[in-house]
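Here are the chains, one letter per residue:
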Amino acid sequence: DVKVTQSSRYLVKRTGEKVFLECVQDMDHENMFWYRQDPGLGLRLIYFSYDVKMKEKGDIPEGYSVSREKKERFSLILESASTNQTSMYLCASIPSGLVTTYIYFGEGSWLTVV
Amino acid sequence: AQSVAQPEDQVNVAEGNPLTVKCTYSVSGNPYLFWYVQYPNRGLQFLLKYITGDNLVKGSYGFEAEFNKSQTSFHLKKPSALVSDSALYFCAVRPQSGGYNKLIFGAGTRLAVHP
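Those protein sequence lines, which keep their order, are chains W and L.
The working numbering puts the first residue of the first sequence at 1008, with every later residue one more than the last.
The working numbering puts the first residue of the second sequence at 36, with every later residue one more than the last.
Treat the hints as calculated values from the structure; they're not laboratory data.
We put the CB at the ideal spot given by N, CA and C, even for glycine.
Don't take every hint at face value.
Straight-line alpha carbon distances no greater than 30 Å define the calculated DSSO-like cross-link-like pairs of lysine-lysine that follow [as the list claims (entries may be wrong)]:
#: 1; chain 1: W; residue 1: K1025; chain 2: W; residue 2: K1078
#: 2; chain 1: W; residue 1: K1062; chain 2: W; residue 2: K1020
#: 3; chain 1: L; residue 1: K104; chain 2: L; residue 2: K84
#: 4; chain 1: W; residue 1: K1010; chain 2: L; residue 2: K93
#: 5; chain 1: L; residue 1: K93; chain 2: W; residue 2: K1062
#: 6; chain 1: W; residue 1: K1060; chain 2: W; residue 2: K1010
#: 7; chain 1: W; residue 1: K1062; chain 2: L; residue 2: K112
#: 8; chain 1: W; residue 1: K1010; chain 2: W; residue 2: K1078
#: 9; chain 1: W; residue 1: K1010; chain 2: W; residue 2: K1064
#: 10; chain 1: W; residue 1: K1077; chain 2: W; residue 2: K1062
#: 11; chain 1: W; residue 1: K1010; chain 2: W; residue 2: K1020
#: 12; chain 1: W; residue 1: K1010; chain 2: W; residue 2: K1077
#: 13; chain 1: W; residue 1: K1025; chain 2: W; residue 2: K1064
#: 14; chain 1: L; residue 1: K112; chain 2: L; residue 2: K84
#: 15; chain 1: W; residue 1: K1025; chain 2: W; residue 2: K1077
#: 16; chain 1: L; residue 1: K84; chain 2: W; residue 2: K1078
#: 17; chain 1: W; residue 1: K1010; chain 2: L; residue 2: K104
#: 18; chain 1: W; residue 1: K1064; chain 2: L; residue 2: K84
A few chain W residues that don't get close to chain L, going by computed Cβ distances all over 12 Å [to be verified]:
#: 19; residue: D1033
#: 20; residue: D1045
#: 21; residue: L1050
#: 22; residue: T1090
Build out the structure end to end from the sequences listed, making use of the hints.
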C-alpha cells in the first residue's frame, strides 16, 4: 500500500515562529502536494511539486514556502507563523502519467498558532 | 471559474435508510470525478471515481455515485446507511486539461447517520 506519512500530527507554535511540516511518501511518486483544510472551505492547494527541486504555487501560497530536496520528501515551511495559519494541513502524492488515478493523502497535521 | 459545489453542509439520515450526498461541478470539457471520505482526525480516503463509461460507479463500503452530464452532477449514494458511515465527504473534480494542480475540491458535506 502507498503510504504518505506526516510525522507531526499535532503542533502548537507561537506567533512568529518558523514551522516545518514534513511529509514522506514511499511509492516513488513524482508529484506531491500540500493542502490546507478549513471548515466550510474544503481543501485549498498551497504548493505542489512535480519533481525534485521543482515547485509551483497553488491557490493560497502567501505565507508559505516549500522544499523538495529528495523525491520522497516534501516540506511545508511557515516562515513566520501567524494565528490565521491555524489549520489542518494535508500532504498528498500521485504518480505521473496516470491521469485517472486518485491522490493519496497523509493523515494530516493539526497546527495551532497562539 | 471552475468550481465544485456541495450544497449541503450536513446530511442527516437514519440507519438503514438510503442516503444521498450531492455534488455539482462547473468545469469545461469532460472532467474526471472523485469522492473522498474523511473520518475524524484522519486524512482523506478514496471512495470511487468516474472516468468514462457507465454513469453509475460503484466504490468502497457499498457506496455508489451517479454521473449526470446534462446536470453536471455526481451525487454519492448508498442504499442503506450505517452509523459507521458518519464522516466528512468531499467531491473532487479534475479537468482533463491541465496538470494535477487542477484537482478541485468541494467544501465537504458532513454525513450523520443516527441509530
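Tested hints:
no.: 1; hint: W:K1025 <-> W:K1078; verdict: holds, 23 Å
no.: 2; hint: W:K1062 <-> W:K1020; verdict: holds, 26 Å
no.: 3; hint: L:K104 <-> L:K84; verdict: holds, 15 Å
no.: 4; hint: W:K1010 <-> L:K93; verdict: holds, 24 Å
no.: 5; hint: L:K93 <-> W:K1062; verdict: violated, 35 Å
no.: 6; hint: W:K1060 <-> W:K1010; verdict: holds, 21 Å
no.: 7; hint: W:K1062 <-> L:K112; verdict: violated, 37 Å
no.: 8; hint: W:K1010 <-> W:K1078; verdict: holds, 14 Å
no.: 9; hint: W:K1010 <-> W:K1064; verdict: holds, 24 Å
no.: 10; hint: W:K1077 <-> W:K1062; verdict: holds, 13 Å
no.: 11; hint: W:K1010 <-> W:K1020; verdict: holds, 27 Å
no.: 12; hint: W:K1010 <-> W:K1077; verdict: holds, 16 Å
no.: 13; hint: W:K1025 <-> W:K1064; verdict: holds, 20 Å
no.: 14; hint: L:K112 <-> L:K84; verdict: holds, 13 Å
no.: 15; hint: W:K1025 <-> W:K1077; verdict: holds, 21 Å
no.: 16; hint: L:K84 <-> W:K1078; verdict: holds, 27 Å
no.: 17; hint: W:K1010 <-> L:K104; verdict: violated, 34 Å
no.: 18; hint: W:K1064 <-> L:K84; verdict: holds, 26 Å
no.: 19; hint: D1033; verdict: holds, 15 Å
no.: 20; hint: D1045; verdict: violated, 9 Å
no.: 21; hint: L1050; verdict: violated, 4 Å
no.: 22; hint: T1090; verdict: holds, 21 Å
Checked against the numbered hints above, the structure violates hints 5, 7, 17, 20, 21; every other hint is satisfied.
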